[in-house]
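Chain order of the listed sequences is C and E. First residue of the first sequence? That's 1 in the working numbering, and the numbers climb one at a time after it. First residue of the second sequence? That's 1001 in the working numbering, and the numbers climb one at a time after it.
One thing to keep in mind: the hints can contain errors.
[Unchecked claim] In silico negatives: residues of chain E with every beta carbon more than 10 Å from chain C: (1) R1054; (2) V1094; (3) W1107; (4) E1163; (5) R1171; (6) D1179.
[Said to hold, decoys possible] Here are some chain E residues the structure puts well away from chain C; computed CB gaps all over 12 Å: (7) N1032; (8) D1093; (9) V1101; (10) E1104; (11) R1132; (12) E1138; (13) N1143; (14) I1147; (15) H1181; (16) F1196; (17) V1207; (18) F1211.
[Claimed, not checked] One-sided and incomplete, this derived list gives chain E residues near chain C with beta-carbon spacing under 10 Å: (19) V1011; (20) G1037; (21) P1086; (22) A1087; (23) G1090; (24) A1091; (25) A1114; (26) D1134; (27) L1165; (28) L1189; (29) W1198.
In short, the hints are calculated from the structure, not lab data. Predicted model only: the values in this text are computed from it and were never measured. We put the beta carbon where it would ideally sit given N, CA and C, even for glycine.
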Amino acid sequence: MPIAPVLAGSPGAAPPLGATRRGDARWLVPLLLFFLVKQLLLVTIVGPFTGHDEVDHYYYVARLAAGDGLGEVGEVELPEAAAPYGRYVADYPNNAEVIQPPLYHGLLALLHLALPGGTLAKLYVLRLVSVAVGLAVVWIAYLTVRLLFPRDPLIRVGVPIFVAMQPQFSFEAAIVNHDILLILLFSLVMYVLLRGQRDGLGRRGKLGLGLLAGAGLWTKASFGLALPVIAVGVFLAWWDSRRSVWALLRDWLVTCGLPVLLALPWFVRSFWLYGDPTGAQRLREIPDYGDQAQGWWEMLSAAAFWRDRLHDVWGNYGWRLIPFDLFDYRVIAWLWAVSWLGLLALLARGLGLAIAQRLGRRGGPPAFTPLQRRGLVLLGMSVALLIVGVLYVGTIQFTQSRFVFPAMIGIATLTLVGIDRWLPARGRLVAVPVLLVALMALNAIVALRYLIPYYYGPGGGAAIGP
Amino acid sequence: MTRSRLLPWLVGLAGALLLAGGAVFVPFEVRNSAVAGYTQTLDPERGIAVRGGRVPITYPDLRRIDLDLRAYTRTPRFDITVHVRPAVPGATDVRVIPVSVEGEAVWHDKGAFADPFTRVEFAPIAGSAGQRYDIRIETGPRNRDDILTLWSIKTYSRTTGREVLAAFVARAPGTAAPDIHRAVLVGLLIALVGAFGWLLGGVTWLVLAGFASGEDPSVSSVRGRWYTLARFERWRWPVRPPPPGARHPPR
C-alpha cells in the first residue's frame, strides 16, 4: 500500500528548487564522471596484484576460466606466475580465497575467457569491472538519499559525494576483489527495502529482495548479516499493510528463506569439505593466519583495536601497506567525531521526545519524518551488524574495517545526518561545496603524499612491472 | 549570461585551477616508499630491536626522518646523535644531527593513540632518489648506560606534485606504445581536474538556487531541528488522512 505522501514530506508540495531530477543532474553527472576518471587513474596507480587478496581472487577467476573447478582450501596453490607477488598473499603459496562462494569469480571467468592478452592485461580489464560496479554504487547512494532526504541538500548531495570520494571505497572499486560486488548487492537490498517502506513491498519487491540476497550469499557468506535487516524491514512494511500474520511469514520465507535455500548447495559443500557452512574453521587452522584475538572482549576492550579500525576505514590500503600519517588520521577522527556526536544528540533527543509523548506532553516536533526514522534505523542496523562481522572475522584472522563497507551508503548517510543537524539551515547549503572541497583535498593529499609515492618515484617504488 | 549563471562556471574554473596549481606547484613532504609506511629495524635473527636500519629512498631531497624510539630505562632526557650514511662500502656520514628528547616521550610503552615517532629534520640531500641509506642512532655520554632502541623509521623528501605525477606517468605499468599510454594518463589527469571543476560548478549552482528560492529548508521540510526547538513551537505535522484500512505512521 503506497504511503509516500504521508511519509515523504508535505503532501502535494513541489520539490525544492535544485532537488528535481534535472537540477540534480547538474551535479550528479559531473560527480559520476569525476568518479569514473578518478577510478581509471586509481586502477593504473595501484600496482598490479597489490590490492588485498587480489592475487587470490584473480587466480580464482583464472582457475574457473580454465575449467579447473572450485578447489579446496589448502590444496589449491597459486601458479608460479604469482611468485613475484607472494608478499601480498595472506597464505602464500596457497589460494585461501577458494573458500569463498564463486558468483563473482564465475561471472568474471566468462570475461576472462573472452579476453585476449596476458595476465596483467586481463587483471587491468577485470579491475575495470570493479570501476563499473563502484559507479553503480554511487548511483544507488544517490537514489537512496533522494528517497529518504529529498529536501536536505547536504545529505542528498553529500552522501553520493562521500561515497564517491571515500578513499577505501574507491580502492575497493579499483581492484579485483569480490567485496565490491558485495557492496553493490548490499546497497541494492537496502534501497529496495527502504523503497518498500515508502511504497509498500509488492510481490516483485519481495522476490527481488530474495534473489538479491541469494546472489549476495553466493558472493560472500557474510552477506548473511543482511538477512536480519531484511527481516526487520519486511516486518515494518507488513505492519503498514495490515495483512495477516501468515502473510508476514510468507514474506519472510520469500525474502529471507529463499536466499538461504538458493545458497544451500554452497553451504552444504563447505560443510562437507571443511566441517562448517562457511569454512571458517579451516581458515583458523592455517598457520600464521589464525586467531588474531582470543575472544570478542579482547577486541572490544582494546583501544588499539578501535584505533586500527578507524585507520582501516580511511587508510591502510591493501594489507595495511599504505597508512596515512597520524596527523591525517587525527584530523579525520575529530571531524568524524563531530558527526557521531550529532547522531548521539539526535538519538538522545528522539528518546526524550518519545518519553515526553508517553507522558502526554508535546515535547516539540520530531527531527525526522517516520520514513527517515525507519531508514536511519535500518541503515544503522546494517552498519551495526557488519561491525559484528568485523569482530567475528577478528576471531579467525587479523580483521579489517573493509568488512563493514557493504554498508558504505549507511555510513555516509549517518555521517552526513550527524553533520547536517549541527548546522544552521542556510549553512547546510554552503556545507555542500565545503564537503566537496574537503574530500577533494583529502584525495589529492592521499594520492600525492602516500599512494603514488609508494608505487612510483624517480628512484623506484613498490610497483612490480611486467 | 546573467551573474547567477556565470558564477557557478567561475567557481568551477577557479576550483579546477586551484586544484591543478596546488597539485603541481605547491611543495610538500612526500613519504618515501616503504611497506606499511615505515621501515622496521627489528633484527629478526636475534629477535631484538636495534639502533639502526637501512632505508630505500625513492625521491630526491631527503630532508626528514621520523624515528620510533623506545626507551627501557627511566631517564629525564635522552641526548641522541642521528647518523645518516649512504649504504655503500666506505661511505661516510652525510648528515649528523644532534637531537634531545624527553625520556617520557620515548618510553617504550606508548598509549594506543600516542604518536610514537620523533621528528628529525636536516638540510636536504639532493641526490637521494634511488639510494639506500643507513640510519643509526647513538646516545650521548649521559645516556651511555640507558637502553634505547629504534623500532622503525619513516623518511620524507621535499617535492612537488609535479615530480610525483611525472614519476607515475613515466613508470606506470603498460609496455605497449608507451607514448600513447603516457598521453592517456596525462589526459586522464587533466580530465580529473576538469570533472572536479564541473562538479564544483554544479554544486555552486545548487547553493545559489537554494538561496535564490528563498527556501528555508528547516521550515519547508516537515521536520524540526533539535537545536532550534523554539522556532517550532506552533508547528504541526501536515498529515494527510491515511486510506481506509491502512495503518500508517506517524502512529
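These are the hints, each one checked on the structure:
{"no.": "1", "hint": "R1054", "verdict": "15 Å, holds"}
{"no.": "2", "hint": "V1094", "verdict": "16 Å, holds"}
{"no.": "3", "hint": "W1107", "verdict": "16 Å, holds"}
{"no.": "4", "hint": "E1163", "verdict": "7 Å, violated"}
{"no.": "5", "hint": "R1171", "verdict": "5 Å, violated"}
{"no.": "6", "hint": "D1179", "verdict": "16 Å, holds"}
{"no.": "7", "hint": "N1032", "verdict": "7 Å, violated"}
{"no.": "8", "hint": "D1093", "verdict": "20 Å, holds"}
{"no.": "9", "hint": "V1101", "verdict": "17 Å, holds"}
{"no.": "10", "hint": "E1104", "verdict": "18 Å, holds"}
{"no.": "11", "hint": "R1132", "verdict": "10 Å, violated"}
{"no.": "12", "hint": "E1138", "verdict": "26 Å, holds"}
{"no.": "13", "hint": "N1143", "verdict": "26 Å, holds"}
{"no.": "14", "hint": "I1147", "verdict": "23 Å, holds"}
{"no.": "15", "hint": "H1181", "verdict": "9 Å, violated"}
{"no.": "16", "hint": "F1196", "verdict": "6 Å, violated"}
{"no.": "17", "hint": "V1207", "verdict": "5 Å, violated"}
{"no.": "18", "hint": "F1211", "verdict": "7 Å, violated"}
{"no.": "19", "hint": "V1011", "verdict": "8 Å, holds"}
{"no.": "20", "hint": "G1037", "verdict": "5 Å, holds"}
{"no.": "21", "hint": "P1086", "verdict": "13 Å, violated"}
{"no.": "22", "hint": "A1087", "verdict": "13 Å, violated"}
{"no.": "23", "hint": "G1090", "verdict": "21 Å, violated"}
{"no.": "24", "hint": "A1091", "verdict": "17 Å, violated"}
{"no.": "25", "hint": "A1114", "verdict": "9 Å, holds"}
{"no.": "26", "hint": "D1134", "verdict": "16 Å, violated"}
{"no.": "27", "hint": "L1165", "verdict": "7 Å, holds"}
{"no.": "28", "hint": "L1189", "verdict": "7 Å, holds"}
{"no.": "29", "hint": "W1198", "verdict": "4 Å, holds"}
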